[in-house]
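Residue strings, one per chain:
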Amino acid sequence: MGLAKRIIPCLDVDAGRVVKGVKFLDIRDAGDPVSVARGYNEAGADEITFLDITASSDNRDTMYDMVEQVASEVFIPLTVGGGIRAVSDVRKLLNAGADKVSINTAAVHNPELVQEAADKVGSQCIVVAIDSKSVHQEGEAPRWEIFTHGGRKPTGIDTVEWAVKMAELGAGELLLTSMDRDGTKIGFDLGVTKAVSDAVEIPVIASGGVGELAHLSDGVLKGGADAVLAASIFHFGEYSIGEAKSFMQQQGIEVRL
Amino acid sequence: MQRIAVLDYGMGNLRSVAKAIETVAPGDEVLVTADPETINNADRIVCPGQGAAADCMAALANANLVETIQQLIGTRPFMGICMGLQVLLTHSEENNGTDCIDVIPGKVNRFDHPLLDADKQRLKVPHMGWSQVNQIGHHSMWDKINDGARYYFAHSYYCVPDNNACVVGRCHYGLDFAVALAQQNVFACQFHPEKSARDGLQLLRNFMLWDGQA
Numbered sequence: 344m345g346l347a348k349r350i351i352p353c354l355d356v357d358a359g360r361v362v363k364g365v366k367f368l369d370i371r372d373a374g375d376p377v378s379v380a381r382g383y384n385e386a387g388a389d390e391i392t393f394l395d396i397t398a399s400s401d402n403r404d405t406m407y408d409m410v411e412q413v414a415s416e417v418f419i420p421l422t423v424g425g426g427i428r429a430v431s432d433v434r435k436l437l438n439a440g441a442d443k444v445s446i447n448t449a450a451v452h453n454p455e456l457v458q459e460a461a462d463k464v465g466s467q468c469i470v471v472a473i474d475s476k477s478v479h480q481e482g483e484a485p486r487w488e489i490f491t492h493g494g495r496k497p498t499g500i501d502t503v504e505w506a507v508k509m510a511e512l513g514a515g516e517l518l519l520t521s522m523d524r525d526g527t528k529i530g531f532d533l534g535v536t537k538a539v540s541d542a543v544e545i546p547v548i549a550s551g552g553v554g555e556l557a558h559l560s561d562g563v564l565k566g567g568a569d570a571v572l573a574a575s576i577f578h579f580g581e582y583s584i585g586e587a588k589s590f591m592q593q594q595g596i597e598v599r600l
Numbered sequence: 010m011q012r013i014a015v016l017d018y019g020m021g022n023l024r025s026v027a028k029a030i031e032t033v034a035p036g037d038e039v040l041v042t043a044d045p046e047t048i049n050n051a052d053r054i055v056c057p058g059q060g061a062a063a064d065c066m067a068a069l070a071n072a073n074l075v076e077t078i079q080q081l082i083g084t085r086p087f088m089g090i091c092m093g094l095q096v097l098l099t100h101s102e103e104n105n106g107t108d109c110i111d112v113i114p115g116k117v118n119r120f121d122h123p124l125l126d127a128d129k130q131r132l133k134v135p136h137m138g139w140s141q142v143n144q145i146g147h148h149s150m151w152d153k154i155n156d157g158a159r160y161y162f163a164h165s166y167y168c169v170p171d172n173n174a175c176v177v178g179r180c181h182y183g184l185d186f187a188v189a190l191a192q193q194n195v196f197a198c199q200f201h202p203e204k205s206a207r208d209g210l211q212l213l214r215n216f217m218l219w220d221g222q223a
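Residue numbers (the numbering used here), protein chains in the order written: chain B, 344 to 600; chain S, 10 to 223.
Just so you know, the hints here were simulated from the structure itself, not pulled from any lab data.
Mixed in with the good hints there might be a few duds.
For lysine-lysine, the following DSS-like pairs were computed, each having C-alpha atoms within a straight-line distance of at most 25 Å [to be verified]:
1. LYS28/S / LYS435/B
2. LYS496/B / LYS537/B
3. LYS463/B / LYS116/S
4. LYS565/B / LYS129/S
5. LYS463/B / LYS476/B
6. LYS537/B / LYS508/B
7. LYS435/B / LYS476/B
8. LYS528/B / LYS363/B
9. LYS496/B / LYS508/B
10. LYS476/B / LYS366/B
11. LYS463/B / LYS28/S
12. LYS508/B / LYS463/B
13. LYS528/B / LYS476/B
14. LYS435/B / LYS463/B
15. LYS116/S / LYS537/B
Source: prediction; values computed, not measured.
Next up, chain S with everything else stripped away, as it sits in the complex (with noise of 0.2 Å):
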């Protein structure tokens, strides 16, 4: 038995997440928790998250959980959704700017006023709903899961790494940009597993196997 740590900060579908971690993992223990012996006790890590950059920091600091996803990474596997993603980069334009825990070196852009499509028509943000992800390179995370998979996006700022080799995952949406980070034991997407229906859980399984190599 395994025991997944869900990382509670007051930021997010919590509770969807656990739901679907316990679907895909019937035998393990899920625990949501913001307790740094929990978690350092736990075999996986989760890190969801929703809402604005500055509050995202503002609770993770709260719960006193910036240090310890610091001290986990190269750890154990360590999955982030969503804002679960975005503040393990180094700062976002969001709310006038908001540092964030710089894990993985870049920064995070809002979608451009206008958004334009290819044939300059006019896209609307937030990015809401499903897209096709193309996985780039080969991980044991997209096992069993097809190239240009469609996944839940409900998001109005994207992520830039400064390093383009941790990239995992692309998506287009007047632009391209990355959705999919992979990190020694990190792994974080921009789009919601927990929300993405067969693929989604099956990536969800996936890290349930994975053993935080790429």
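Isolated chain B, as found in the complex (with noise of 0.2 Å):
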């Protein structure tokens, strides 16, 4: 038996609440992020990230209590991303209680952020989050690039080499999420996920368009992906971890049950 697969939960933030809301959780307030962490952890949740959507600077104050808060009472991995702009920034995030914060824009605007996060507090604690479409026209090599600013604006830069990039740089793990495939619920780009995981000797975790369990289960077995996140078909209860486990056991991937 080896390393298990992991299922992670993505949850929205907004000023420390979660937001876009988390129906299956029998909990009050579905805002509250440690009712909600409480809520995945029970479920059987490999880990949980937290996606800082806040526009104003002035509330990120918010998310260091809000981190905090579930770190004390939810001891499985956490990982938060969103507006990470200097070391400080990720030292005040592992100090709150994070296990991992995920850095994006600034990495695109900054490549030296990730080394430099790396080399004080460790690979392992340094996520970075990638942001890609698929730009090839049909007929041509598949091709991917980096977008920032929600998907909007390209960067000309290719996904696969941005990848072994930031793995050289210090990365200890990537987020990879398909902006074409965010929300559409037809499943991840597997030829990116399985070209950057081949490319990479770091953990890669497939992000972006789930909308059923074979969708979870082939970013592992077509796209070489180490973990898998989603958000909507685990926040509306379409599905639970606990189905997503067995359906990927049946599958053969091994699990954390």
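Hints in hand, dock the two standalone chains.
Take a look at the structure:
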């Protein structure tokens, strides 16, 4: 028996509250991050990712309070991303109780931040989030590029080359989101997932597009992902974490039960 | 009431460790500290740690904790977690070679490049996620924990103690390696009990009850 493939529910957070709602959990206040995290822990999630979508930097401090509260009560790994611009932001989140910090746009503008952060706190704490879109035309060889600003702004950077560079700079893990699949429920972009996973030595988390359980197992079996991340299928009670794990196990994937 | 000192040398998720202990030992006092007197007055010591070996050793030296740790050995239950395990060995390969505290003779090696499983499939490094821990022999730290229970790991280096007699837990990831060591009053693990849900909290609960004997 080896390492279990991880299932990671992802939660959007605004000003320290979980937004978009999490409807399956039997809790009074679906916006309370501690209740939501506790619910996912009890459901058997292997890890929880919080993405801070707070627009105003004034509200950033509430993120640290939120991480502190969650880390005080929920004892599984917590990854926190969004708005990380400096090593001091990384340190603050880790000190608040995050186990891993996910760096996204800042890495595109300042790749050395990844190296600096990994040197200071260790690669195992540094996740680089990659927002990628397919850019090849029909009939062309597959190719993907990094996009910023929620998938609106192309950067001209090749996704696979970027993934290799981030790993070289010291990222401990990659969170690969296919922006053109996000919210579509048609499944991960398995092509880019496989291309990135094959190109790097570090673990890859597949994200973007999950609509059914077979998408999760495809991410692992066809995409070569080490972990699969999903939001809506879990939040709205379409599937439980337990159902996802049983399904993956039936497909021959090792999971933590 | 017991006093538990969580060694604070600026490297790692001290809050998570302290909170996990408070959860399993609600009547006890958890002190996150680098103060030698507070440490010496504690009933139990927990040494967490994250980051690179050279930084951890430098931070321990800065906080004057190297000698403190050496003096604690043999006196009361001591638990090392992750880097808090690796620094107890003699030497680590990390950062072009780093001398460690040498409480448990042995070395710390990096996983092979590439790391392959039995089917010659490449494995990812860091070893990140939930792996099964096989218990070796009987140790009261494993009370109420199933053999093969999964624990959360996040590491690229692993321990190779000189003497296998101290190994009480092993894991397989590309190779078999020691993930839990016990020697006198020391129990140290590569994985993160404070992040390993129910079985992790049980291990910490066992530590609160452990008399420091094998």
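Taking the hints in turn, this is what the structure says about them:
1. LYS28/S / LYS435/B: holds, 17 Å
2. LYS496/B / LYS537/B: holds, 24 Å
3. LYS463/B / LYS116/S: With Cα atoms ~23 Å apart, LYS463/B and LYS116/S stay inside 25 Å; holds.
4. LYS565/B / LYS129/S: holds, 18 Å
5. LYS463/B / LYS476/B: Given that 25 Å is the threshold and the Cα spacing comes to 31 Å, the pair is violated.
6. LYS537/B / LYS508/B: Holds, at about 17 Å.
7. LYS435/B / LYS476/B: violated, 31 Å
8. LYS528/B / LYS363/B: holds, 17 Å
9. LYS496/B / LYS508/B: holds, 20 Å
10. LYS476/B / LYS366/B: violated, 30 Å
11. LYS463/B / LYS28/S: Roughly 24 Å separates the two Cα atoms, so the pair holds.
12. LYS508/B / LYS463/B: holds, 18 Å
13. LYS528/B / LYS476/B: holds, 16 Å
14. LYS435/B / LYS463/B: holds, 13 Å
15. LYS116/S / LYS537/B: violated, 35 Å
Comparing the model with each numbered hint stated earlier shows that hints 5, 7, 10 and 15 do not hold.
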